[in-house]
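K.L.:
The residues making up each chain are set out below.
Protein chains: 2
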Amino acid sequence: ARPRVGYFYSGKKAGQDLSESVMNMKVKDFQSIPVVVSEKVSVYDAIAQMFLEDVGTLFVVNEQSLLTGVLSRKDLLRSSIGNKEISKIPVHIIMTRMPNITYCFKHDPLLHVAKKLIEKQIDALPVVAEHENGLEVIGRITKTNITAAFLSLAENHDL
Amino acid sequence: ARPRVGYFYSGKKAGQDLSESVMNMKVKDFQSIPVVVSEKVSVYDAIAQMFLEDVGTLFVVNEQSLLTGVLSRKDLLRSSIGNKEISKIPVHIIMTRMPNITYCFKHDPLLHVAKKLIEKQIDALPVVAEHENGLEVIGRITKTNITAAFLSLAENHDL
Numbered sequence: 001a002r003p004r005v006g007y008f009y010s011g012k013k014a015g016q017d018l019s020e021s022v023m024n025m026k027v028k029d030f031q032s033i034p035v036v037v038s039e040k041v042s043v044y045d046a047i048a049q050m051f052l053e054d055v056g057t058l059f060v061v062n063e064q065s066l067l068t069g070v071l072s073r074k075d076l077l078r079s080s081i082g083n084k085e086i087s088k089i090p091v092h093i094i095m096t097r098m099p100n101i102t103y104c105f106k107h108d109p110l111l112h113v114a115k116k117l118i119e120k121q122i123d124a125l126p127v128v129a130e131h132e133n134g135l136e137v138i139g140r141i142t143k144t145n146i147t148a149a150f151l152s153l154a155e156n157h158d159l
Numbered sequence: 001a002r003p004r005v006g007y008f009y010s011g012k013k014a015g016q017d018l019s020e021s022v023m024n025m026k027v028k029d030f031q032s033i034p035v036v037v038s039e040k041v042s043v044y045d046a047i048a049q050m051f052l053e054d055v056g057t058l059f060v061v062n063e064q065s066l067l068t069g070v071l072s073r074k075d076l077l078r079s080s081i082g083n084k085e086i087s088k089i090p091v092h093i094i095m096t097r098m099p100n101i102t103y104c105f106k107h108d109p110l111l112h113v114a115k116k117l118i119e120k121q122i123d124a125l126p127v128v129a130e131h132e133n134g135l136e137v138i139g140r141i142t143k144t145n146i147t148a149a150f151l152s153l154a155e156n157h158d159l
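Taken in order, these protein sequences are the chains called A and B. The numbers in this note's numbering rise by one with no breaks, and the one at position 138 of the first sequence is 138. The numbers in this note's numbering rise by one with no breaks, and the one at position 159 of the second sequence is 159.
In case anyone wonders, no lab produced these hints; they're calculated from the structure. Every residue, glycine too, gets a C-beta built ideally from N, C-alpha and C. Wrong hints could be hidden among the right ones.
When the alpha-carbon atoms are kept at most 27 Å apart in a straight line, the in silico DSSO-like pairs for lysine-lysine are as follows [stated by the list, open to error]:
#1 Lys40(A) <-> Lys26(A)
#2 Lys28(B) <-> Lys28(A)
#3 Lys88(B) <-> Lys88(A)
#4 Lys26(A) <-> Lys120(B)
#5 Lys26(B) <-> Lys120(B)
#6 Lys116(A) <-> Lys84(B)
#7 Lys88(A) <-> Lys115(A)
#8 Lys28(B) <-> Lys120(A)
#9 Lys74(B) <-> Lys120(A)
#10 Lys115(A) <-> Lys116(B)
#11 Lys115(B) <-> Lys74(B)
#12 Lys120(A) <-> Lys26(B)
#13 Lys115(A) <-> Lys120(B)
#14 Lys26(B) <-> Lys84(B)
#15 Lys116(B) <-> Lys74(A)
#16 Lys40(A) <-> Lys74(A)
#17 Lys26(A) <-> Lys106(A)
#18 Lys115(B) <-> Lys26(B)
#19 Lys116(B) <-> Lys120(A)
#20 Lys84(B) <-> Lys74(B)
#21 Lys88(A) <-> Lys74(B)
#22 Lys28(B) <-> Lys116(A)
Computed beta-carbon distance windows for the label pairs [as the list claims (entries may be wrong)]:
#23 Asp158(B) <-> Glu155(A): 18 to 26 Å
#24 His107(B) <-> Lys120(A): 45 to 53 Å
#25 Ser87(B) <-> Pro90(A): 44 to 52 Å
With the rest of the complex left out, here is chain A (with noise of 0.2 Å):
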């Protein structure tokens, strides 16, 4: 169990009104810890790891350590029915890839995020930092980070 980041932050300051309050939201407030794993493991030691860590989309690095792929537990179980050899698969074949890859950075308002998260449908967006190679994965971001955003909001606004 990893600490979830920024899940306490109040979202107020003095003499903040509750619109002041979304809009000052930004990612690096409540983003949690990403997990990640190597293009190289396989499809089942990524579920593996999935259950280890009680996350619900993992990110895919090269040796370099950036950011090349995605797995959310859809893609995952898509692949593991029907499937007898998911321990000779490695994730690289299945994950959805750069550049379609949605991500976001620290800095980013969390009204912005959550927009992607509705439009793209997806779960979570890698949290990232630009490098001269490439994308270094630094956090993640989620719709369970919004919703208790949204419910940090309203309590610190004692709604």
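Chain A is fixed; fit chain B onto it per the hints.
P.N.:
Here is chain B on its own, set in the frame of chain A:
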């Protein structure tokens, strides 16, 4: 693709400020249509149904169409790995059963549901109506609905 009921609900009435809008958000304004399966269907068929309907949670009902269980993507993924006989296992073997199911009613405040989803670490709740012999499933409320609600609130208050 089923319609997402209440997806574009504004949450705003004339003269309401943001706090009032948040407090007036009810389950019925944001819930989705529930997807139910019989207790007798196999784990394999439940997985197929989940993909067909593109949902993350199925509700299980008995012959009187009353709620008896819940199946998450996680439950189905767990039972499908390392198990070749999922077309022979009925879902009632693996589902979360009453009385361990967290549910809500259509007039409940959305904030209370958000709190339950976070506290219980679950993805979806059935929206139910009470009957003499049990609970009828009339809707589904998920972290996607909460995320959409958060977004609609901000958009309708021009944030």
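K.L.:
Does Lys84(B) sit within 27 Å of Lys26(B), going by the straight-line distance between their CA atoms?
P.N.:
Status violated; Cα separation ~43 Å.
K.L.:
Is Lys26(A) close enough to Lys120(B), meaning Cα to Cα at most 27 Å?
P.N.:
It holds: about 25 Å lies between the C-alpha atoms, which stays within 27 Å.
K.L.:
Does Lys74(B) lie within 27 Å of Lys84(B) when you go C-alpha to C-alpha?
P.N.:
17 Å, holds
K.L.:
Is Lys115(B) close enough to Lys74(B), meaning Cα to Cα at most 27 Å?
P.N.:
21 Å, holds
K.L.:
Confirm or reject the claim that Ser87(B) and Pro90(A) have a C-beta distance inside 44 to 52 Å.
P.N.:
27 Å, violated
K.L.:
Can the restraint linking Lys88(A) and Lys115(A) be considered satisfied, given a maximum Cα separation of 27 Å?
P.N.:
With a Cα-Cα distance of about 37 Å, the restraint between Lys88(A) and Lys115(A) is violated, given a limit of 27 Å.
K.L.:
Between the alpha carbons of Lys28(B) and Lys28(A), is the straight-line distance 27 Å or under?
P.N.:
Violated: Lys28(B) and Lys28(A) sit about 32 Å apart, past 27 Å.
K.L.:
Does the structure keep Lys26(B) and Lys120(B) at a Cα separation of 27 Å or less?
P.N.:
At roughly 20 Å apart (the allowed maximum being 27 Å), Lys120(B) and Lys26(B) satisfy the hint.
K.L.:
Please work out if Lys40(A) and Lys74(A) have their alpha carbons no farther apart than 27 Å.
P.N.:
Satisfied, since the Cα-Cα distance of roughly 20 Å is no more than 27 Å.
K.L.:
Is the Cα-Cα distance between Lys28(B) and Lys116(A) 27 Å or less?
P.N.:
24 Å, holds
K.L.:
Would the pair Lys74(B) and Lys120(A) pass a check requiring their Cα atoms to be no farther apart than 27 Å?
P.N.:
21 Å, holds
K.L.:
Can the restraint linking Lys28(B) and Lys120(A) be considered satisfied, given a maximum Cα separation of 27 Å?
P.N.:
24 Å, holds
Violated hints, listed in ascending order, are 1, 2, 6, 7, 14, 24 and 25; each of the other numbered hints is respected by the structure.
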